[in-house]
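Sequence order for the protein chains is V and R.
Just so we're aligned: 144 in the working numbering is position 136 of the first sequence, and the numbers increase by one with no gaps anywhere.
Just so we're aligned: 98 in the working numbering is position 90 of the second sequence, and the numbers increase by one with no gaps anywhere.
Quick caveat, the hints were computed from the structure, so don't treat them as lab data.
One thing to keep in mind: the hints can contain errors.
Pairs involving identical chains hold if they fit within one copy or between any two copies, as the list cannot separate such chains.
Unchecked claim - DSBU-like, lysine-lysine: derived pairs with alpha carbons at most 30 Å apart: (1) K50 with K78; (2) K26 with K50; (3) K27 with K50; (4) K27 with K14; (5) K26 with K14; (6) K78 with K27; (7) K78 with K26.
Quick caveat, the model's predicted, so the values are computed rather than measured.
Number of protein chains: 2
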Amino acid sequence: MEFMMKSIGVIHTPFIDKKQTPIQPTRSQASGYVEVYPIFTKGLQDLEGFSHIILLYIFHQSDSYTLRVKPFLDDQLRGLFATRHPCRPNPIGLSIVRLLACRGNILDIEGVDMLDGTPLLDIKPYVPDFDVHTDVKTGWYARRRKE
Amino acid sequence: MEFMMKSIGVIHTPFIDKKQTPIQPTRSQASGYVEVYPIFTKGLQDLEGFSHIILLYIFHQSDSYTLRVKPFLDDQLRGLFATRHPCRPNPIGLSIVRLLACRGNILDIEGVDMLDGTPLLDIKPYVPDFDVHTDVKTGWYARRRKE
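The shape of chain V in the complex, shown without the other chains (with noise of 0.2 Å):
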């Protein structure tokens, strides 16, 4: 089944090399902003109560993917699904930036790993309630994370 997704605003931080745009946005101290198109700024409203953003949008600078991935974090090859690698079926990225101020349709924002110019697709509130998880097992990565 096919879906037409339309970005809704544009994610402009300070990477425009892959090479260097860090892999997540908890290893990265980087500021950026987001510019909502006009025509969503209503949306935005009550947002600024959150301190922690979601952020779906589209890795526009993927490649084709293949199945079975090196993770930028690892050595061997992983299932994609187990990775967050940009090359995906949908390549849809998901990340969690902190929200520092909502000055209409623009949204400063802190801890950004996206290349600037990125597709927005959505914004959802962060809540722990919803979205933290204790007693979690992290397969391969468990392995890599302190290096």
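Take the given structure of chain V and dock chain R to it, following the hints.
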């Protein structure tokens, strides 16, 4: 900018009626399973080591959106992007569920909060190093969470 997405599988759950569907995985004890289309099975390797996975999917029964909505957990209109409401410009759902077992192209999961037959877009491993944030403020939701 437009992007074409194709489902990579189907999520099977006990829920055929929107009104009886839990509003979030953390409020659901229900089990279900993800049927990934067999051509993607190889991409599921190494996933079984993870206890939780992030599912991105289509809210396939969502209606047209409005930019201010009344969240299920609130009695006031809120900006759409400050809610997890299913009717969105790009109706992408995000649920973190417990992965119980991997059986070929079938993933047994717990904590389902989506309708039966939901088209799957992506699976990502849930990694606390990336996905858990503390010292979080949750805006309007903070006043509702204890109810």
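Those earlier numbered hints the structure runs against, lowest number first: No hint contradicted; all consistent.
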